[in-house]
Amino acid sequence: MRTKTALLVLAAAGGAAALAGQTRFRGYSEVNQIVRERLFEPGSSFQLGRYLEESYSDRDANLLDLLGTYKGDDLGSKFKNGSPNSANMLIWHFLMASLARDVSRQCGWGGELDLRRDFRKAVENACEWPSPAARSPEALESFWTLVMGYDAPRSEFLTWKEFIQDGEFASSEEAVFTMMLTITSNPHFLLKS
Amino acid sequence: VLFGLGACSPHGSETPIVEIRCDPAITDANPDALDTEWDKQYWVSKAARKLLGGADLDPETRAAWADGPREEIVGKLLSDSRFAETALDFNLYFLGFKRDSLRDSSNRLAPGVYDFPQAITSARNVLGCGDYLSLLDLRQPIYIAPPPARVSDERKTQFIEGLTDYIERIESGDDASLKELCDHYTQSAPHLGNLLFSMGLPGNLTFSTTQWLIDLRNACADPGSSLQSFSAALRRVTASFQDLMSAIERVDPESGSDLSRVTPIATTAFGDDGTIIQFTSRIRQALTNSSTNYNRKRAAYVLDRFFCDDLTPVNVENLEAHRGDRHVSDPACFACHYRLDPMAGFFKDYGIAFTRFESASSIIFDDMAMMEKSKYDRAWLAPKASGRVWDIGYIRSLNQGDLNTYGTDLDDLFGIIRSAPEVKRCLVKRMHQYFVGEDQTIDAGYLDYLTREFDETAARNSSQAFQEVAARMVLSRAFLERDPDSGVCYDFAPGHVEDESPPCRVGYLLENNCASCHGKEQQEGRLDLSRWVAAPDGRMTFPHTDSRGRPFSRETTLQRISDRLSQPDPRKRMPLESHMSPLERQELFVWANQMLEESSR
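The listed protein sequences correspond, in order, to chains A and B. With the first letter of the first sequence counted as 1, position 169 gets the number 169 in the numbering used here; the numbers rise by one all the way through. With the first letter of the second sequence counted as 1, position 179 gets the number 179 in the numbering used here; the numbers rise by one all the way through.
Treat the hints loosely; a few may be bogus.
[What the hints assert, rightly or not] Straight-line Cα separation of at most 27 Å, DSS-like style, residue types lysine-lysine; simulated pairs:
#: 1; chain 1: B; residue 1: Lys297; chain 2: A; residue 2: Lys78
#: 2; chain 1: B; residue 1: Lys76; chain 2: A; residue 2: Lys80
#: 3; chain 1: A; residue 1: Lys78; chain 2: B; residue 2: Lys572
#: 4; chain 1: A; residue 1: Lys192; chain 2: B; residue 2: Lys98
#: 5; chain 1: B; residue 1: Lys76; chain 2: A; residue 2: Lys78
#: 6; chain 1: B; residue 1: Lys429; chain 2: B; residue 2: Lys76
#: 7; chain 1: A; residue 1: Lys192; chain 2: A; residue 2: Lys80
#: 8; chain 1: A; residue 1: Lys192; chain 2: B; residue 2: Lys297
#: 9; chain 1: B; residue 1: Lys297; chain 2: A; residue 2: Lys80
#: 10; chain 1: A; residue 1: Lys80; chain 2: B; residue 2: Lys98
#: 11; chain 1: B; residue 1: Lys76; chain 2: B; residue 2: Lys98
#: 12; chain 1: B; residue 1: Lys297; chain 2: A; residue 2: Lys161
#: 13; chain 1: B; residue 1: Lys429; chain 2: A; residue 2: Lys192
#: 14; chain 1: B; residue 1: Lys46; chain 2: A; residue 2: Lys121
#: 15; chain 1: B; residue 1: Lys76; chain 2: B; residue 2: Lys46
#: 16; chain 1: A; residue 1: Lys161; chain 2: B; residue 2: Lys46
#: 17; chain 1: B; residue 1: Lys46; chain 2: A; residue 2: Lys80
#: 18; chain 1: B; residue 1: Lys76; chain 2: A; residue 2: Lys192
These aren't lab readings, by the way, just hints derived from the structure by calculation. Predicted model, so just to flag it, every value in this text is computed and none were measured.
Given the sequences, and given the hints that come with them, work out the whole structure.
Shown next, in the form of structure tokens:
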């Protein structure tokens, strides 16, 4: 299954590369805000940067700036490091895989993330994989829209749903991990619309 | 019914719902684009993020709203007090200092935001239907981040004692001369400066307070100064310091959580004229000057951010007539400097960290170099025949002086900024970049249409004008597109007919400046710039033939357009014998050259 996940993620990255001339990453701050809004309890202090042991800083430079930022001394509100490249794709992948791993741990002993109630419920349902309830189109659509919102066209969801429903995962944890990683690596999640 | 808000109601009032009426430019906007629940929710979410300072609606609200008319949804979003955060974020973008986030990790306004009081004032005014265009005002109040830095009593006492010592010596009839006192003061000034820097004041205040020490130094340096005037300056600084400390203690510690609670501090405490100008700490650090750049960095900033003039070098006409000007020996340099240098003159009295040296005998620059002020000022003296003292102004034409707007100081510059049509057009252009997409092409006719609408509403209420344009942006076709082509224009002014129109980026500019001679009725040089048609080789070009009726290649046509636009000889420079705005000339020139570059690939 890992190979298939990698292929879907690579396909997503390929989509990003194809759009690279016209479009850019949302940047660390915006993606972090979206993740917090959609997945975590209101008021949560969760930061994706924790997986790199970095925290967004207004003044100092760090690895997170490679994901797209308005910081810098240049005048003119220029967005820097926003074009997808091998370095920032690697960092995004590391952050999103780490988040997916933490979310998938909900299937076991629970983990430490302060997830929103509706998202926690969707994850708990997905943790029942491969039960029919977890594989149902309604459950998958609910999971998808909670994470992706409506940022991607419905056709993206349908492709993803087929990929997940066909998946032969070794465990429910791997299923949730794959669901999370493939959504959060999608260009519609990471790129400016 | 023309597009517009029903009325501008202050947020928090009894009638907060903003009513959006139809826009003739967008009533038929992509009717099929939102035919599914999925697409409706996508648009609501995208519009919410743009109009609520980056935040989305919660899923339940979004789903409940999605089926309503789009105008009604935009009205609700504009009625939300978070729209002021969008205004603030856009204002920072317009000023060239956009941030990743307005808020810090504790969800308070980030300290760096306070460096832009004009952006805060303007955004707060949007909340109350006040003057949004205070964004373009020179004189500003000041805001500081809560909780205010707690200045220790010991430091306060040290600073006051450092000044009162001199006052007491003067008042006790100490027979020390002004020179002796000033010499002594000069030695202790670094200590007082260090005290100010070590008080833990917010950055934007520290820079402002150092102005006090410069005022004292000027009181010493002024040949007409006396013990009494030095004493008076010392008293002013002492009183200002105490006022400021009291004001800091009164700041609401919770004000950073809500833009409406951020309150201005009276600025009588700062500077010799009692007000802060736009160029506060962050801008001061970014817009440094030197003994050699003659404020050109500051001028380039103003031209770029307020006039959307990125100084693309397009040759100027009639160089011979300007033989005496600097940089004229190199036309490529003069092409920018003729606009840059007169703009730089507005800053001639401002040296290091925007300190005023208006009446000083010398000026100090950010690189710590020093120059005799009168010698420095001579760089902007106008030729005697001009009838002006200074060659300082916003230059639209070298040959038609009556098109230019001249002035002397920053008050004049900001008077020009408030009234120049180019600035309003630039503001609306930046709004399109901010709301729709930075690289998204906008039809020049549509931009002018939006600018006219903005101007018309702004004459009554500029907050309403800002809200209306923001509404138009999120209701536009380009905004509706999920993956818009950045080279395509999706929106046009009412009455626009696609037909064989030239590419939208330049179509309107060609129609306004060129089509009377190179249009449907008349084709001077057998060139028709009103049509963009397929050439025999299938590539798009303007109809253009030689005297025997044979078509020129696309490259030849574009190269000739580029050459005629940048031709210095007024007998050949297009448009012949008529003025074309340098900004429009730039846009057309850049486009022609981009087309040529694409053709050569």
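- Please flag the earlier hints that this structure goes against, numbers listed from lowest up. 2, 3, 5, 8 and 12
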